[in-house]
Structure formats: structure tokens, C-alpha cells
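J.: What follows is the residue order along each chain.
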Amino acid sequence: MASGVKPRVKVPKTASAGEAITIKTLISHPMESGQRKDKDGNPIPRSIINRFTCDFNGENVIDITLEPAISTNPYFEFAATVPEAGEFKFTWYDDDGSVYEDAKPIEIG
Amino acid sequence: MNIRTVTAVSIALIGLAPIAWAGGPDDDELVINGDIEIVTETDAPAHLEELDTIYSGWRFRTDETQALQLDDFDNPGMIFVDQAMDSWGTVEGTEGKSCAACHGDDPAESMTGVRAVYPKWNEDAGEVRTLAMQINDCRQNQMGAEPYGYTSADMTAMEALISVQSRGMPVNVAIDGPAADTWEQGKEMYYTRYGQLELSCANCHEQNYGNYIRADHLSQGQINAFPTYRLKQAKLIQQHNRFQGCIRDTRAETFKPGSPEFVALELYVASRGNGLSVEGPSVRN
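As given, the protein sequences belong to chains B and D, one line each in that order. Residue numbers for the first sequence follow the UniProt record's numbering, so the first one is 1 and each next one is one higher. Residue numbers for the second sequence follow the UniProt record's numbering, so the first one is 1 and each next one is one higher.
If you're looking for bench data, these hints aren't it; they were derived computationally from the structure. Every clue listed holds true.
Facing chain B, according to a computed beta carbon distance under 8 angstroms, are these residues of chain D, among others:
| hint | residue |
| --- | --- |
| 1 | F73 |
| 2 | P76 |
| 3 | I79 |
| 4 | D82 |
| 5 | Q83 |
| 6 | A234 |
Here are a few chain B residues that sit away from chain D, every Cβ distance over 12 angstroms (derived from the structure):
| hint | residue |
| --- | --- |
| 7 | I21 |
| 8 | I44 |
| 9 | R51 |
| 10 | N57 |
| 11 | I62 |
| 12 | T81 |
| 13 | E87 |
| 14 | T91 |
| 15 | V99 |
Computed from a predicted structure; not experimentally measured. By construction, the Cβ of each residue, glycine as well, lies at the ideal position given by its N, Cα and C atoms.
Start from the sequences, fold in the hints, and give me the full structure.
T.: Here it is, written out as C-alpha cells:
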């Protein structure tokens, strides 16, 4: 069970119709790989974010599979085209079954 | 191309090579979030006779590392500021208080300018105190809580939260009056050779900043930008942690974080950066 997990996203408040905007996301997470051992020699169980998705008005923008070699606090920056006003929805899936969500509205202007 | 021309070209290349490697600070300017202007180069304070100009360590890093500090969203150190903000409002200890109980809900109102003047003489305690010592004094004597470990994640995050309130303000630690003895002790340490390699702080950070020590680009070792997020450690690092690392690298027995020796050294090293902006949490490699 990962503690101190906190998602953060940065999306412009407005865009012109059809504009490609830059989205930045970061989630604080230890991303324990499962390869390490504690000081008694016992393996530390894997605990990572294994999937990240972004949707815009119900349509999928990006869907990422994360692997154990990705370092702590995974950061993603990607471009998305905004055809209309709406809401970006971000979802992170944790190994422990937790799902973390965030959403950001964007207007056409 | 005849032999003579080739030789001439080779000689020209050999002549250029040292220039290409002796990097020195670059000419970039640091403005955080397009808003907070950071002084990364200024005249050395009067007491520092060996240097004319002082530079923030930011100026010695690669463009990629520098870029991470331009926007708070890209700065991984800001995650810990968020975490400390949660601790700021958390009630702990026997007195039923949080940081916010005395200092208010918004650290911007009570903590602006604090980082810039620490380490600082504490009249009641009769000693020079670092920010970390003051945080623990609050925890123990005001909150009745367990002190944080000196370089623990909780402590370093709290220092980052307090630093952020002073970003852009000039470092201005007092070195005269009652702090003078401690400052002298720190200065003595700075110029003392430690370890099997017999290196003093000054050997690298005063006499050779801008040069490479193996693959590392030496800065002036300024601490205006601490706590700093080190990419290779993937966490926030405190001044005393860095001191310990440097002394260890000279193959010496190091002092402990929070020890009187490191407090004195911190005061002296901080005073060498008087005039640079508070920058923490910064990003370094």
C-alpha cells in the first residue's frame, strides 16, 4: 500500500478550437520495483502505478502501461488536440487496486 | 592539405581543448514561473576576499537540469513542499498544536524572509541555530511532539516549505556580534584539509569552481538553493547531507548532521552566499 500518493496536473484554462495543447501530469508515488530487498534480506513487494489514462469528454487521449523500471513520482508530458470545450479526466491505477483521479475543465476562447 | 597544415590544425585544436573543458558558469538567467527573478550572480560579500563574483550552483548545471527549476510543476522538489503543507496543518504532540496554531494557516504570512537569515544567533539558547534546529525546538517545546530526524524526509520537506516563502529574497546571514565565534569556527573548517585525500572545501569550490572533477562540474558550493532535489537520489537533500557527502568523498570520518561543527560550517558557507537569492527547493544532478 503506497502512502502519500497525490496526483497533480497542469492544463491550460483556455485553448482555441483545434489547438494542440501541452498537458503535464505528475503523481507522487514511491514506484517500488519489487527487485529490492530490505535489510533482513526479504524482498520488498512491488508497488507501482501500472497504468495511466487521459480522456477528453469520454474519448481516450492516451493510455499508458507503466513498468517497474520507471522511477519514483512518474511524470508525463503529452500533447492533445482540443476540438471543443470540455473536461480532461486523468486516472492512475495502483498495483494495490487504488485508483486516483483528477479532472481539469478547458474552455474555448 | 599538406602535413604542415594538418599540424597547424592539430595545434589549434590542442590549444582550444582546455577552453572547451574549463566550463565555468554559463550565462543563463533564472526566472521561476516567469515571475520570480533569482539572482544567480552577484558581487562577493566584503568578508570573502578570495572571490570577486559569487554564483548560484544553478549556473553550473546543464540546460536540461536548469530547465526543471523554471516551472514549479516541473520541479520535483515542489512535491515535498505540498507534503510539508499537509504537515503544517497537522496537530501533533501533547500540546494539541500544529505549526499553523501559532504561525497561521498560510506560511507565506509568517515565514517570508525566514530562510534568508538562517543560521541565526538565538539569544535565549545562547547558540547559533539552523532552520532545522529551530523547527525541532518548536516541535519539542511548543508542540510537545517528537523531534524530526535532522536530515529526515519530514524535516527537509518542512525546510523546503519555509524556503519557498523567501524565494528571490537575498541571503543575508549575520556574521558579526554573538555569531562571530561560530562563524570563525566555520571559516577555519572551510580552509582545513580533511581526509586521506587532504582536500579542503576551498580546494574544489574556491580554487577550482568551473573545472571538472572527473565528470562533475564544480560549482562554488553555495547553499542558497538548499534544500535541493538531487536527480540521482530522487529526493530532497539538506545542506548537512551534502557536507557529509563532500567530507566522505575526501575519505575522512565525517561529522554528524546537526553537529556543532556542521552548524558552524553552514553559517560560514551561507555567509559566502550573502547577496544570492534564496532558491530552494532547487534541482541539481
